[in-house]
Amino acid sequence: MNTEIFLGALRLKNPVLAASGTFGYGEEFKDFLKPKDIGAIVTKTITFSPRQGNLPPRITETAAGMLNSIGLENKGLDDFIKNKAPGFRKLKTPVIVSIAGDSPREYGELAKKLCAAGISAIELNLSCPNLKNSKLISQDPKTTYEVVKAVRKAAKAAIIAKLTPNVTDIREIAIAAEEAGADSVSLVNTFLGMGIDVNTRRPRLGNITGGLSGPAIKPIALRMVWETAGVVKIPVVGMGGIMTADEALEFIIAGASAVEIGTANFIEPKTSLNVVSGIKDYMRKNKIKDIKELIGSIRYK
Amino acid sequence: MKKIIIQEKIKIISNSRVGRNHFRLILCAKRIASLSIPGQFIEVRVAEGYEPLLRRPFSIHHVKGPNIEIFYQAIGRGTEILSRKKAGEFLDVIGPLGKGFSILNTQYSILVAGGMGVAPLVFLAEKLKECKSKNAKCKIVVLLGAKTKNHIFCQKEFKKAGCDVKISTDDGSSGFGGRVTDLLKSVLLNTQYLILNTQIYACGPKPMLKEIGGIVASCGLAAQVSLEEYMACGIGACLGCAAQTKSGYKYVCKDGPVFKAEELT
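Residue numbers (the working numbering), protein chains in the order written: chain X, 2 to 302; chain Y, 17 to 281.
Bound conformation, chain X alone (with noise of 0.2 angstroms):
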């Protein structure tokens, strides 16, 4: 059986990824699974300079669901080269390093930086607020066309475009990713809500709104990954709410060579390890022999 997938020159023995801002840096799992069980890990959002991020309360609970809103809390480009990414090789498995920055001259160099450190694949988190027009980049597909381009041209390094699904046609975004040489686009980030708590009337969270995530966007977020991979030829790397397997799969058989597993981590730490198993056994169980053969396998009659 193969389960091998590419994401550009990045080969992960099976396709199923932690996201970021859900594991740490793979360190805080070590006590639930082995990282090499699982395809790849993407960290934490990095930034060229530390940040302190948001106000608490950080995260509320919502129905099927949480918002956060950490706000790329993270110490900065030269600690993560000194001290997290020096720990990746005993992890066994490809480390995705995200990272973020306010032009596309600072993701460039955020990514040469990591090139240089020995970091092979980056994930560009392109949800973050551009300061020059206020909106996110990948709310704009010329501002994520010049971030993804002035990465290419920065570093050797396979590139994921992480695309928020805050617009109203997500397709265009990863087509203007795909122009400027993306490997691969993963979607999609959290959707941006709200809570109040209706005692005080205060917002549930220090920075009023923040991104919803888990089983409640999942149905959006699959709907989404089917447009956006049948209109680019890059793989697509598909998240949003997957708790199991089959979950997984729908978002495979949707299109996706790749899912990653973002807020179950908090619930069952061991997610990721149990929709690997599950894929395989669902693939042993339909004598699927490669994992290609399912990918965007959707039947409509």
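What the hints contain is simulated information worked out from the structure, not anything from laboratory work. Do not rely on the hints blindly, as some may be mistaken.
Said to hold, decoys possible - Incomplete in silico selection of chain X near chain Y, CB under 10 angstroms:
hint: 1; residue: Thr61
hint: 2; residue: Arg203
hint: 3; residue: Pro204
hint: 4; residue: Pro270
To be verified - Stretch-level coverage of chain X by chain Y, calculated; a stretch enters the list once three of its residues show a Cβ under 8 angstroms from a Cβ in chain Y:
hint: 5; segment: 15–28
hint: 6; segment: 49–58
hint: 7; segment: 65–71
hint: 8; segment: 256–269
As the list claims (entries may be wrong) - Chain X is nowhere near these chain Y residues, computed Cβ spacing over 12 angstroms in every case:
hint: 9; residue: Ile29
hint: 10; residue: Gly35
hint: 11; residue: Ile119
hint: 12; residue: Gly236
hint: 13; residue: Gly252
Small disclaimer: the values here were computed from a predicted structure and weren't measured. Glycine residues also receive a C-beta, built at the ideal position from the N, C-alpha and C atoms.
Assemble the complex: chain X is given as a structure, and chain Y must be docked to it using the hints.
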């Protein structure tokens, strides 16, 4: 010692009501029980489905042999579901989590509980008693603060652990009338605590803990306080349970829940 986190399906021994909406849950969790220290907590999945979605954190109230006990109030969706669980059912539990209290062998230990903040302090009192048995001069004082006399819990447990228990109620229906921080101030006026080495341990609402930080700073004592915050993963991955400290944000689940009072802002 290397920290190990266990995830297991554990059996409910009992889940009994002890107040209007207060419950004691006893779980048979041998491995977690053997690793736990006071101040640590467990993350419990109260339902198999997605309502509620996230695990719920509970501090470890008491450990006896292979059993761990949780003292909780049914006040939200998660705890209400938990309160309906019966003996013999199983719960998916992760723990022990977080950094607990540092047990210091000081002559005086003052434990200050505000409301449900009593939950982790019983386990702490029991561990302090073990130290005490080695040094007969040690004294443990517990200040139990509650809204009314109907909200006072665990007096018996503290007395069993050899503690001197003092009560305060907001409405004056039992013990000292007023807040537990005022009771602490009046207790500290008894200068023996100030002269001799004393450690204060506290758990309760954040304003209370901040006030304790101020009280101890003004009289040169040290306090360890246990914080509470909304939490998702419980293992330091999501960065959701950030608490502001003098050295920036710290995570209640991993850097805490126990912090030095002087770190709070």
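Now for the hints, and whether the structure bears them out:
1. Thr61: With a closest approach of 6 angstroms, the X:Thr61 hint holds.
2. Arg203: violated (13 angstroms)
3. Pro204: X:Pro204 check fails; min Cβ-Cβ to chain Y is 13 angstroms, beyond 10 angstroms.
4. Pro270: holds (7 angstroms)
5. 15–28: holds (count 4)
6. 49–58: It holds: at least three residues are needed, and the segment 49–58 of chain X offers 4 whose Cβ sits within less than 8 angstroms of chain Y.
7. 65–71: Since 5 is at least three, the answer is holds.
8. 256–269: holds (count 5)
9. Ile29: holds (24 angstroms)
10. Gly35: holds (22 angstroms)
11. Ile119: The claim holds: Y:Ile119 sits with its nearest Cβ about 24 angstroms from chain X, beyond 12 angstroms.
12. Gly236: holds (30 angstroms)
13. Gly252: The claim is violated: Y:Gly252 sits with its nearest Cβ about 5 angstroms from chain X, within 12 angstroms.
In summary, the structure is inconsistent with hints 2, 3 and 13 from the numbered list given earlier, while agreeing with the others.
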